[in-house]
Amino acid sequence: MNRLFFSLLVAFFLLTGCVKQQILERVTLFIVCAYDDAPNDQIEFTLAAPKFQAGKPGSVSDILLSKVGHTSMNILELMSMRLNRPINSGRVSVILFGKDLAAKGLTKELEAGLRDAQSSRRKYLAIVDGKAKEMLQANFSSDEEKGMFLLNLLDTNVRTGLVPRQNFHEFEYSYLGKGMDPFLPLLKLQNDQVQISGLALFKDDKYVMSLNEKQMRLMKLLLENVKHGTLEVKLDDAYVAMEIVGSKVHYLVRKDTESPKVTINLIVNGQIIDSMGVHFPEQEKQRIKDRFESDLTATGMDLIQLFKNEGIDPLGLGDFVRSKTRNWNEEEWKKQYRTLNVSLNVKVNLTEMGIRK
Amino acid sequence: MKSTEHPRFTISPYLVFVLIHSMQFGPEYLTMANKPIQLAGQDAWISVILCGISFHIVIWMMYRILNRNETDLIHIHQQFFGKWAGGGLNFIFIVYFLTVASFQTRLFIEIIQVWLFPDLETWALALVLLLLVYYIVAGGFRVIVGICMFSLVRHLLILSLFFTAGSFHFNNLSPIMDHSLIDIIQAGKELTFPYLGVEMLLFCYTFIKTPRKSQKWAHLGNFVTTLSYLIVTFFSLLLFKPEQLSKEIWPQLTKYKFVQFPFIERFEFVGASSQILWAIPIICFCLWASSRMFKFMFTVKQLTVLPILLILVFTAVCLIPGRNLIEVVETMLSKIGFYIIFAYIPFVYIVDIVRMKVRRTI
Chain B
1 MNRLFFSLLV AFFLLTGCVK QQILERVTLF IVCAYDDAPN DQIEFTLAAP KFQAGKPGSV
61 SDILLSKVGH TSMNILELMS MRLNRPINSG RVSVILFGKD LAAKGLTKEL EAGLRDAQSS
121 RRKYLAIVDG KAKEMLQANF SSDEEKGMFL LNLLDTNVRT GLVPRQNFHE FEYSYLGKGM
181 DPFLPLLKLQ NDQVQISGLA LFKDDKYVMS LNEKQMRLMK LLLENVKHGT LEVKLDDAYV
241 AMEIVGSKVH YLVRKDTESP KVTINLIVNG QIIDSMGVHF PEQEKQRIKD RFESDLTATG
301 MDLIQLFKNE GIDPLGLGDF VRSKTRNWNE EEWKKQYRTL NVSLNVKVNL TEMGIRK
Chain W
1 MKSTEHPRFT ISPYLVFVLI HSMQFGPEYL TMANKPIQLA GQDAWISVIL CGISFHIVIW
61 MMYRILNRNE TDLIHIHQQF FGKWAGGGLN FIFIVYFLTV ASFQTRLFIE IIQVWLFPDL
121 ETWALALVLL LLVYYIVAGG FRVIVGICMF SLVRHLLILS LFFTAGSFHF NNLSPIMDHS
181 LIDIIQAGKE LTFPYLGVEM LLFCYTFIKT PRKSQKWAHL GNFVTTLSYL IVTFFSLLLF
241 KPEQLSKEIW PQLTKYKFVQ FPFIERFEFV GASSQILWAI PIICFCLWAS SRMFKFMFTV
301 KQLTVLPILL ILVFTAVCLI PGRNLIEVVE TMLSKIGFYI IFAYIPFVYI VDIVRMKVRR
361 TI
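So the protein lines, in turn, are chains B and W.
If you use full-length UniProt numbering, the first sequence corresponds to residues 1 to 357, in order.
If you use full-length UniProt numbering, the second sequence corresponds to residues 1 to 362, in order.
Calculated from the structure, these hints are not laboratory results.
Warning: the hint list may mix true and false statements.
No farther apart than 16 Å at their CA atoms in a straight line, the calculated lysine to aspartate or glutamate pairs in the EDC-like style are these [to be verified]:
#: 1; chain 1: B; residue 1: K347; chain 2: B; residue 2: E243
#: 2; chain 1: B; residue 1: K123; chain 2: W; residue 2: E265
#: 3; chain 1: W; residue 1: K247; chain 2: B; residue 2: E111
Sequences and hints are given; from them, build the entire structure.
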């Protein structure tokens, strides 16, 4: 009996080699891919397959493959006929969408990624102002792989910059969730350089409008507690810049009347890092503070008015009111939203001002 | 009518905690939160607590029955209902345990097939798993308890929750009690399936050294299971919208998609294959219990029956082709389990009281 067991054990040990193997060096792992709109309800799928050059470690170039078809997975299959190694989609970290496709809706394209057992939920999605394929064709990163470059670009700007945090999971969350709409960073190609030019806002899964950098910065302050970033304000004929060392945002809802009233309290702690033309900012502290507060409030109220006019809710106000209201109704909320009473209170605390008076 | 095993085969009372906990906390936890959250939304956690309390009552009932008769359910059946009816009831339990074992095996293989190796044959993995089960069950009851103890390593995986903490939305928990009580109770009914496993106490009672002392450990086991399920439910509520959960099959495996290490890009591989720690104790116990029942019904040796039962399970596993049938088996088992826990055990409890009363009057 023992001998039988032992021989079976050995047999099973050898059988482990019989499943499909995927050795890292023998598959094509791509980091970035792009979706574009194509005629006849088709999509144009582009991927940048990294190509390592033998003998020159560190230098990576990309092979761009592009094809029109109905489903991205079928296109991938057809693309592998042009590659010497089978394609594996397990490492995709950035997905770009052309603006035209985004205006038509993104649900169909996201379906494959959500269904795939190998795809990450932390990957970044971004909208390209123009065609996503053209962005990948441009030579924007000299020695880095294009996918890695875009991943680092988005990652650093979300972590320490002024781009609000949004990934694959969060996009689906705010798209499917009631009383909230998703948003994505908007990329732009300028003189062969990629830059994050603003924020693309969605109604359900359809792109409707975009915000500029200043509005995006405020969006980030309203969405999450921020510890990085710079704010700037005009003081008569001089300019002052402030570094955010910590901001806190707090939402309140009051229901004394029929319709709810939402109050947003934003506290920004910062230090002055640049005072162009202001000689003794210490004396002017109160004036600088007031100016910052009025400036932020004005931008914020404009932003909220803009959302209300468009009927979109990227701040998730509906979801917030739902969490404070019993028997919340989405249809009713949509009617209320356009005339919703939202107020924004901004408080700026200037703590330090560098090492000079 | 006192029957206990030889002290060499018995376990300490505190090990009942390990046993109860690992029997309850099976791979069903991967899908458990989906349906209750569709029914009761953010109040699903209340259903989890309610269900846990009802299982405490069931455990108390079982101990009353067992302590009074001082033997296991196999013998109680024959004492209460005679040789033939009791044997029939035992046979129903054999079929139930074998179905549970096949279901657990197939569920684990399905997870491996979907998450790791789509081209893996069902029979190949089933063969390897069941050989392992044979090896463990042939070792006897104490070895099974040892495997249960070892499988507690799985609680380390709770650390992966920290990777998702950045995406938690605490808004999703309020308003509390926004659903009607009927919804909450209905969600609780859906939750009985993951809680199943306490019925195994009825079969291993004689293997506990001082059985009366073990009751508190059984309650503690159920309490820890409730706690684990609360974590699972809270996690699903915080990370997902109910609309997302209605589309996910295994939201608890999806959470591993958020884990990122420089040396492991896809942590799901670890997460999916570690499900064996959830499945193996249950499969082993089910086969042990059913082979033990065979032993008393047909007076054969446990070790001779075991291979036959394993072949039965193996065939059943190979006959379940995919997701649809697995779900059918799951709903069937959750119904049967629900009636065993909330109808059959109270029924035996009442019969026991009536018997005692009748005997006293005579």
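Taking the hints in turn, this is what the structure says about them:
For a cut-off of 16 Å, the pair hint linking K347 of chain B to E243 of chain B stands: about 15 Å separates their Cα positions. With a C-alpha separation of about 12 Å, the suggested pairing of K123 of chain B with E265 of chain W holds against the 16 Å cut-off. About 11 Å separates the Cα atoms of K247 of chain W and E111 of chain B, which keeps this hinted pair within 16 Å; it holds.
The structure agrees with every numbered hint stated previously.
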